[in-house]
Each structure stands twice: as C-alpha cells, then as structure tokens.
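*Asks:* The listed protein sequences derive, respectively, from chains H and P.
Under UniProt numbering, the first sequence has 185 at position 185, and the numbering climbs by one with no breaks.
Under UniProt numbering, the second sequence has 266 at position 266, and the numbering climbs by one with no breaks.
It cannot be assumed that every hint is accurate.
What the hints assert, rightly or not - A few chain H residues that don't get close to chain P, going by computed Cβ distances all over 12 Å:
| id | residue |
| --- | --- |
| 1 | Q37 |
| 2 | R65 |
| 3 | T85 |
| 4 | Q148 |
| 5 | G163 |
| 6 | E219 |
| 7 | L228 |
| 8 | G247 |
Said to hold, decoys possible - SDA-like cross-link-like pairs, simulated, lysine to any residue; straight-line CA separation at most 20 Å:
| id | chain 1 | residue 1 | chain 2 | residue 2 |
| --- | --- | --- | --- | --- |
| 9 | H | K261 | H | V217 |
| 10 | H | K141 | P | L6 |
| 11 | H | K81 | P | G92 |
| 12 | H | K141 | P | L64 |
| 13 | H | K81 | P | T88 |
| 14 | H | K261 | H | S120 |
| 15 | P | K141 | P | L64 |
| 16 | P | K81 | P | D62 |
| 17 | H | K141 | H | V79 |
| 18 | P | K81 | P | L248 |
| 19 | H | K141 | P | Y113 |
| 20 | P | K141 | H | R91 |
| 21 | P | K81 | H | T88 |
| 22 | H | K81 | H | D272 |
| 23 | P | K81 | H | L95 |
| 24 | P | K81 | P | L110 |
| 25 | P | K141 | H | S120 |
| 26 | H | K81 | H | L110 |
| 27 | P | K81 | P | P15 |
| 28 | P | K81 | H | S108 |
| 29 | P | K81 | P | L6 |
| 30 | H | K141 | H | Q102 |
| 31 | P | K81 | H | R91 |
| 32 | H | K81 | P | K81 |
| 33 | H | K81 | H | P15 |
| 34 | P | K81 | H | P96 |
| 35 | H | K81 | P | A94 |
Keep in mind that the hints were calculated from the coordinates and are not lab data.
Even for Gly, the Cβ is constructed at its ideal location relative to N, Cα and C.
Number of protein chains: 2
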Amino acid sequence: MTSSWLNGRPCDGLPVHDRGLAYGDGLFETIRVAGGQARLLDRHLQRLSNGCRRLAIPMDTDDLRNELTRFFQVLGQGVAKLIITRGTGQRGYALPEPCQPQRLLLGSPLPAYPPQNALSGIRLFPCETRLAEQPRLAGIKHLNRLEQVLARAEWRDPVYAEGLMRDMSGRVVEGVFSNLFMVVDGELRTASLVRCGVAGVMRGEIMVRASQHGLAVVEGDISYVELLQADEVFLCNSLYGIWPVTGLAERVWPVGPLTRKLQAVVADLLSDS
Amino acid sequence: MTSSWLNGRPCDGLPVHDRGLAYGDGLFETIRVAGGQARLLDRHLQRLSNGCRRLAIPMDTDDLRNELTRFFQVLGQGVAKLIITRGTGQRGYALPEPCQPQRLLLGSPLPAYPPQNALSGIRLFPCETRLAEQPRLAGIKHLNRLEQVLARAEWRDPVYAEGLMRDMSGRVVEGVFSNLFMVVDGELRTASLVRCGVAGVMRGEIMVRASQHGLAVVEGDISYVELLQADEVFLCNSLYGIWPVTGLAERVWPVGPLTRKLQAVVADLLSDS
C-alpha cells in the first residue's frame with residue numbers, strides 16, 4: 001500500500017538536486033483509487049496539464065496515463081499522490097535545458113476521517129493565515145504550500161475538522177485542504193479562484209452535476225459576512241466527498257437539504273468498488 | 001565538490017515523503033565557502049534560525065554548526081547549500097509529531113558569473129511576475145520559490161544578468177536572486193521586506209558596514225519611478241557581492257562612486273582565502 005515509484009520504477013528517494021525540493025517547482029494531485037481504478041482521473045489530469053502549461057513543465061499525458069493505470073492496479077484501494085517536478089538542473093532559478101520532469105507516485109491508505117464528518121457536519125476553524133494574491137499561481141495545485149502548513153498549524157483541537165482560509169482582502173476562498181460552497185436562496189455559490197486558491201476536482205465535478213440537477217451555480221467573490229449569512233455551507237474534496245459545515249465562530253447551521261442532495265449526487269465517486 | 005550530505009552523512013536522495021518536497025515546507029541558505037571556511041556564517045544561521053522559529057521547525061544551531069564546519073572543510077571552496085525541511089510526516093498539512101527535521105547539505109563550485117558584472121555593471125530585466133504580499137513568509141528564505149522560477153523564465157537574453165521584482169502594488173522589492181539598493185542624495189535606500197522578499201545576508205552586512213562608514217541607510221517603500229530617478233542602483237548577494245546596475249528599461253546609469261566604495265568595503269567577503 002505504501003509503494004513509491006519514480007518515473008515508473010520503485011524508489012526510496014528523490015535526487016537531492018531536484019527542483020521540486022529546491023523551489024517547490026512542480027505540481028501534485030491526490031487521487032482516490034478504488035477497485036484498482038481512479039476516481040475523476042480526467043479532471044485530475046486536466047488540472048495537472050493546465051498547471052504544467054502555466055509553469056512551462058513539459059508533460060506527455062499519454063505516457064503518464066499508462067503509468068498511472070499500472071500504479072492504480074497495484075495500489076488497488078487508497079490514495080495515489082502524483083508529484084510532477086521540473087527535475088534537476090544547474091544551480092539557480094533559470095529553467096534547465098533540457099528539462100527532464102520527474103514523475104513520483106506515492107500510494108497510501110485512504111485517510112481515516114470520522115464518518116460523522118459527512119453525516120453530522122463539521123466545525124470550521126477561522127484561520128488567521130491569509131492566502132496571498134498571486135494570479136500566476138491561482139487555481140493550480142503547485143508544490144508551494146507553506147500557507148496551508150501555517151494555517152493548519154493554527155489549531156490542534158480535533159473539534160475542528162477543517163480551517164477556513166480567506167485572502168489578504170478578507171474574501172472567503174476555501175478550506176486548508178478543501179473547497180467551499182454556500183447555498184443562498186437556493187443558489188450554489190463558490191469562490192472565484194483567479195487570485196489564489198486551488199481549483200479542486202471535486203469542486204469542478206459538483207459544479208457540473210449541480211447544474212445538471214437544475215441548480216444554479218455561481219462563481220464569484222464571497223465576503224465573510226455573506227458566508228455567515230448563508231443558508232447552507234459545505235466543503236468538498238476528492239477524497240472525502242462533501243462535508244456539511246455546521247459551525248463557524250458563533251454561527252450554527254443544520255445540515256441543509258441541498259447539501260444532502262449533493263452528497264447523494266456524488267456518492268458514486270466515494271464507493272469502494 | 002559535488003558532495004551531498006543528509007543529516008551529516010553522504011547521500012544520494014531525499015525520502016520521497018519529505019515535506020520539503022510535498023509542500024516546500026522548509027528553508028535554505030546558500031553560503032560562500034573559501035579556504036574551508038564560510039563567509040557571513042553568523043548571518044546565515046541567524047536568518048535560518050529566524051525562519052525556523054517562524055515556521056515552527058525545531059532546530060539545534062550548535063549541532064548544525066558542527067556539521068557545517070566539517071562540510072566546509074571537505075568542500076574547501078565553492079557554495080554550500082543548506083536545506084532544512086520539516087521531515088516526513090503523516091499525510092496532510094498538520095505538523096508531524098514528533099517532528100524530525102532533515103538537514104541536507106549540497107556542495108557545488110562557485111557560479112561562473114562574468115567578472116564584468118561587478119566591474120562594468122549589469123542590465124536589469126523588468127519582470128512582469130509580481131511578488132505576492134504574504135507577511136507571514138516575508139524576509140525568510142523558505143522553499144516556496146515558484147515566483148522566482150516564473151520571473152527568471154521571463155528572459156533568456158544574456159544581456160540581462162538579473163531581473164527586477166516588484167510586489168503586487170508595483171513597489172520595487174528585489175532581484176530574482178539578489179537584494180537591491182539605490183543611492184539618492186548620498187543616502188542608501190533598500191526596500192522594506194515586511195510584505196514579501198528575502199532579507200539577504202549581504203544586504204544586512206552592507207547596511208551595517210555602510211553605517212560604519214558614515215552612510216545613512218534607510219529601509220522603506222520604493223516606487224518604480226523613484227528607482228528610475230535614483231543616482232545609483234546596485235544589487236547584492238552573498239555569492240557575487242555587489243553588481244552595479246547600469247541599465248533598466250530606457251534608463252542608463254554610470255557605475256556610481258558610492259557603489260564602487262561599497263564594493264571595496266565588502267571585498268574581503270569575496271576573497272578566495
């Protein structure tokens with residue numbers, strides 16, 4: 001279950017001069033695997049491909065897909081974390097020529113989240129650490145994640161299952177490892193990710209499926225006050241699906257009907273087979 | 001010359017689950033070594049220690065100093081790159097407990113910069129990539145360096161030896177791998193690094209030595225227009241010392257007298273013995 005492959009072969013370590021370590025010069029995906037197959041693989045590869053294009057990291061998606069298929073079969077069930085780095089290079093920030101990107105695949109069991117999170121909802125910790133606004137890196141899942149590390153270190157009380165992250169202007173963006181939706185007057189709203197944040201694959205899937213079920217979905221700026229006044233709030237990611245938010249600061253929500261409906265709409269993505 | 005040590009022992013690779021790779025969860029220093037000894041070691045260790053404190057990475061400076069001393073002796077001459085990561089942990093952003101930081105030491109030759117850079121000055125490329133404003137990470141030399149990678153990728157013409165980086169509000173901050181000073185009416189000015197930027201050890205040393213030589217030194221905000229109107233401009237880092245800036249966009253400067261004076265003031269830090 002804890003196999004590690006570097007460029008398709010079992011490995012223990014990454015070369016010490018890799019730019020993934022030196023600069024966080026790369027991207028990653030954490031993919032849910034069940035029955036030897038990946039969930040939402042096309043969305044993961046699409047985001048990765050977009051990230052590679054924006055960071056100018058060359059990538060052959062077809063080769064990668066073959067390697068992933070083999071890895072998923074070996075893993076069977078769990079989480080496949082894929083890291084793509086720009087590889088090693090001469091000293092300094094200039095892009096190496098030629099560039100030989102490295103593909104690292106790490107298998108692990110599914111995280112053991114309490115089932116109550118999805119059933120009864122979770123409390124959200126209001127993080128003080130803000131997301132810096134950097135349009136050139138917004139949306140992609142790159143390896144520069146110190147803001148998430150700092151935010152997650154703000155609380156240890158397990159009563160909080162996730163933390164809320166806002167940007168430097170105070171806008172609501174996402175969770176530390178989740179995206180966020182709110183329901184206002186029957187409409188589904190999620191933060192625009194043009195300045196910061198990660199465009200989660202489950203977020204993308206929920207937006208499409210919600211539309212297919214006749215729900216209006218709006219991407220835009222969300223203030224903290226708007227969030228507190230929302231009818232329903234929930235978090236999502238590709239590993240756990242959807243968690244209703246039932247508490248944030250002084251605000252308490254019941255688990256809302258649209259949240260329950262959307263949990264049912266994505267349930268197939270979380271099955272074990 | 002290209003030796004690599006992990007926690008004091010020769011190594012080829014870093015464990016694949018290290019958070020330095022996963023999140024850029026760590027810090028680094030690039031130290032000039034000559035005659036088996038480091039230049040500005042106290043400043044490097046002070047910045048590193050400050051970074052560790054701000055990221056909550058435990059570090060024993062005394063142990064590290066002993067290991068470094070041995071490494072510098074083996075290296076003799078060149079650049080010692082020290083990377084401190086938070087080490088491996090369970091999946092997810094939460095800080096691992098216990099935390100076992102990793103110390104990676106990489107030796108390399110001194111970069112072969114053209115001697116003309118210091119003698120005749122350099123042209124500065126005005127990068128479009130902006131530095132995001134993140135006070136919690138400002139000043140320290142952490143492993144989240146994608147902005148520098150993107151900025152350095154903006155030009156390939158070797159007529160530009162460095163690039164100018166501004167913040168999201170357009171303020172002048174630093175070079176891609178250097179700090180920046182300007183001279184205005186006999187006064188030395190450098191950007192405040194409370195929002196973004198790296199507090200270089202050569203920058204710190206120049207500020208102290210300039211003061212000792214009777215020069216007024218001011219840290220504050222610098223606009224692009226102020227930079228273009230400056231009497232002198234120069235860059236610095238701990239590997240190359242001081243490079244006069246003689247060109248930026250349409251502006252041309254001669255190598256200024258205070259720049260020349262300061263080059264002499266720090267010359268001992270660049271000698272080979």
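*Asks:* Going through the numbered hints above, which ones does this structure break? Give me the numbers in ascending order.
*Replies:* 3, 4, 5, 10, 12, 18, 19, 25, 28 and 32
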